[in-house]
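Enquirer: Which chain is which? The protein sequence lines are A and B, in order.
The C-terminal residue of the first sequence carries number 106 in the UniProt record's numbering, and the numbering is unbroken.
The C-terminal residue of the second sequence carries number 187 in the UniProt record's numbering, and the numbering is unbroken.
It is worth saying that the hints were derived from the structure and are not from the lab.
Keep in mind the model is a prediction, meaning the values are calculated, not measured.
A few of these clues could be false.
[To be verified] What the simulated footprint calls covered on chain B by chain A, stretch by stretch (three residues with Cβ under 8 Å from a Cβ of chain A suffice, anywhere in the stretch; the number is not a length):
| no. | segment |
| --- | --- |
| 1 | 52–61 |
| 2 | 111–123 |
[Unchecked claim] Simulated DEER-style distance windows between Cβ atoms:
| no. | chain 1 | residue 1 | chain 2 | residue 2 | range |
| --- | --- | --- | --- | --- | --- |
| 3 | A | I85 | B | R24 | 17 to 25 Å |
| 4 | B | P86 | A | N53 | 43 to 51 Å |
| 5 | A | T95 | B | K145 | 23 to 31 Å |
| 6 | B | S135 | A | R91 | 47 to 55 Å |
| 7 | A | T102 | B | S3 | 46 to 54 Å |
Note that beta-carbon positions come from the ideal geometry of N, C-alpha and C, so glycine has one too.
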Amino acid sequence: MATLNDYLLVSGLLFAIGLAGVVLRRNIIIVFMCLELMLSAANLTLVAFSRFNTTANGLPDYNGQMLVFFVITVAAAEVAVGLAIIVALYRARQTIHTDELTSLKG
Amino acid sequence: MPSYLFWLFSTVMLIGGTAVVAFRNPVSSALSVVTCFVGLAGLFIGLSAFFVGVIQILVYTGAVMVLFLFIIMLLDLKDEEKPAKPLLPIAAGIALVAAFMVQLVGILFRSPNKIAPLLDETTLASAAKGFDKGSKIATTLHDGKLPDVHLIGHTLFTEYNFPLQVLGVLLLVATVGVVVLSKRQAE
């Protein structure tokens with residue numbers, strides 16, 4: 001049986017991979033996908049806590065899974081808006097490489 | 001969930017995640033995210049969170065990643081050509097991730113570990129007492145099965161009713177926002 005720390009380690013690794021992608025990649029769509037990976041890592045932690053901390057009646061703690069439900073829904077809305085912004089950005093600048101988007105630089 | 005299934009799904013998930021960062025072609029990266037999410041859904045189902053596992057597949061892999069693929073193909077992105085990458089930012093990024101990993105492992109080794117509480121038929125049958133007699137939740141629990149979707153629906157529409165309605169408004173705002181954003185601006 002996998003223990004709680006196994007799940008936390010795996011989700012921490014997934015978060016680290018997502019973080020590495022956000023820091024290292026320049027393609028803004030891939031940065032966005034790595035953000036999704038980081039959100040999913042947080043979801044895995046929440047579900048693991050929900051399963052490993054049962055409530056008084058012995059069932060999993062469903063408050064944790066409610067939070068996952070809300071995170072997934074908000075992430076879906078976020079992806080829709082984010083991709084619309086990326087398309088608008090591409091129309092305006094013809095590029096989605098973060099190195100070339102420097103107009104905010106002082 | 002047996003240990004070997006846990007490690008199988010974790011490996012699929014982590015290999016998929018690494019491939020997202022490693023591939024140069026955005027389409028390959030998007031498909032790697034799909035692989036990663038399938039492994040993650042397996043882990044969710046192993047944690048008896050059947051509903052979350054299913055919406056992970058339906059919403060994330062089915063809808064969100066297809067949206068990503070549409071946008072990648074719409075923008076017709078080329079492979080990232082190898083630029084002369086400055087070494088300092090890359091080293092800083094890797095150092096950041098390494099520091100995070102060191103902290104994580106340090107904390108996990110010192111925090112108390114926990115094994116999963118049993119969800120066998122006697123536990124479930126005794127949990128049935130807390131719900132109305134004759135309701136779907138109580139009868140399914142009494143049969144020794146976990147009515148995951150019913151319990152989530154029950155929690156969602158009693159304790160989390162207001163956040164659910166706020167979420168509906170948020171989705172509406174996002175839909176309107178996307179339509180406004182993607183409309184071609186008149187010159």
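Enquirer: Could one say that the CB atoms of P86(B) and N53(A) fall in the range 43 to 51 Å?
Expert: For N53(A) against P86(B), whose Cβ atoms are near 46 Å apart, the range 43 to 51 Å holds.
Enquirer: Closer than 8 Å, Cβ to Cβ, for at least three residues: run that test on the segment 52–61 of chain B against chain A and report holds or violated.
Expert: Three-residue rule met by the segment 52–61 of chain B, so holds; n is 5.
Enquirer: Between S135(B) and R91(A), is the Cβ distance one that fits in 47 to 55 Å?
Expert: Given about 54 Å between the Cβ atoms, the range holds.
Enquirer: Is the gap between the beta carbons of T95(A) and K145(B) within 23 to 31 Å?
Expert: The hinted range 23 to 31 Å is violated for T95(A) and K145(B), with Cβ atoms some 54 Å apart.
Enquirer: Is 17 to 25 Å right for how far apart the beta carbons of I85(A) and R24(B) are?
Expert: For R24(B) against I85(A), whose Cβ atoms are near 23 Å apart, the range 17 to 25 Å holds.
Enquirer: Do T102(A) and S3(B) keep their Cβ atoms within the hinted range of 46 to 54 Å?
Expert: This hint holds: roughly 49 Å between Cβ atoms.
Enquirer: Does the segment 111–123 of chain B contain three or more residues whose Cβ lies closer than 8 Å to a Cβ of chain A?
Expert: holds (count 8)
In the structure shown, a violation is registered for the earlier hint numbered 5 alone.
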